[in-house]
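Participant: In our numbering, the protein residues as written are 1 to 273.
These are computed hints drawn from the structure, not numbers from a lab.
Listed next, with one range per pair, are the computed distances between beta-carbon atoms:
#1 Glu87 with Phe202: 43 to 49 Å
#2 Asn165 with Asp124: 42 to 48 Å
#3 Asn165 with Asn69: 34 to 40 Å
#4 Ser169 with Ser221: 20 to 26 Å
#5 Asn104 with Glu82: 39 to 45 Å
#6 Lys208 with Tyr268: 25 to 31 Å
#7 Ser190 with Asp135: 45 to 51 Å
Every residue, glycine too, gets a C-beta built ideally from N, C-alpha and C.
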Amino acid sequence: MSEKKRIACFFTAGYTELNALKVFMRKINANCEYIQLCPTRARRSAEDIRNRNTSRHINAIAQNGYTGNALIKYVVDFVGKEKFDREKYDAILIEDDKDNRFLNIQEDGTGKADCDGWEKYREDVIRQINELHPDVPVIFFLAAPEAEIWFLADWENGFGSAFKNELTSSQNSFFKTRFRKYVNEHILTSIYQEHIEEYGYFEGKYRKLSEEIQVALQEGSFWKTSHDEIEYPPISYSKSKQGEDMMERIDPGVVQDKCSLFFKDGFYLLQNI
Numbered sequence: 001m002s003e004k005k006r007i008a009c010f011f012t013a014g015y016t017e018l019n020a021l022k023v024f025m026r027k028i029n030a031n032c033e034y035i036q037l038c039p040t041r042a043r044r045s046a047e048d049i050r051n052r053n054t055s056r057h058i059n060a061i062a063q064n065g066y067t068g069n070a071l072i073k074y075v076v077d078f079v080g081k082e083k084f085d086r087e088k089y090d091a092i093l094i095e096d097d098k099d100n101r102f103l104n105i106q107e108d109g110t111g112k113a114d115c116d117g118w119e120k121y122r123e124d125v126i127r128q129i130n131e132l133h134p135d136v137p138v139i140f141f142l143a144a145p146e147a148e149i150w151f152l153a154d155w156e157n158g159f160g161s162a163f164k165n166e167l168t169s170s171q172n173s174f175f176k177t178r179f180r181k182y183v184n185e186h187i188l189t190s191i192y193q194e195h196i197e198e199y200g201y202f203e204g205k206y207r208k209l210s211e212e213i214q215v216a217l218q219e220g221s222f223w224k225t226s227h228d229e230i231e232y233p234p235i236s237y238s239k240s241k242q243g244e245d246m247m248e249r250i251d252p253g254v255v256q257d258k259c260s261l262f263f264k265d266g267f268y269l270l271q272n273i
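Generate coordinates for the entire structure from the input sequences, incorporating the hints supplied.
Facilitator: Here's what the structure looks like:
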């Protein structure tokens, strides 16, 4: 058996990515060793240890907020260190949220993918890294606009199963149907249902997908039928709980089938490295 290739992984510094993204990447290519260099857990102080402040929600991420240019700067700085040479990596993997980048606003106020802008950005980042390590391939994964779009793309393993341990079987069955309908009609709308990676400008203003989902779940209007209002349990979406669980469950093959603009290239590059 050939030795596994060592992949230096730099992920956007969020709670969803902290523990689960390596599991997701292994589903794309299990013949690699994924060494996560960002995000990493912050070291706990002696006081935290004494007070048993061990929750992953408390000061858990050392690179908290690293995304966009801050994430790329971190990658380039790390690659330039002697430590990177010493540890001998076969490839570099960068995963980030797209958010409202690489979108052109149309006359009607909706967004259209700026594929040329994305390609120029990617080439510039690869150039910076290749100046330090010309022989190390760079693989990009862009969650467009956020990781939540992957959880919508693979509905059954994503949001369709996000609360199955908190709901009864009948409640979860109802939730899967009603919330999917709500997301399609009121969050993605007809504008983005077939172009999910181009979400989400509306009338020239950007809506953050994860926040729209959180608000919809808190308000719970999707539970209501046309005949009466049923009893429903309060549920809320946490990136560090449901987000992490869904990231471990979803199928990258299903995601790439529906995310062909920003996700698919990284999928095939990693699969064939």
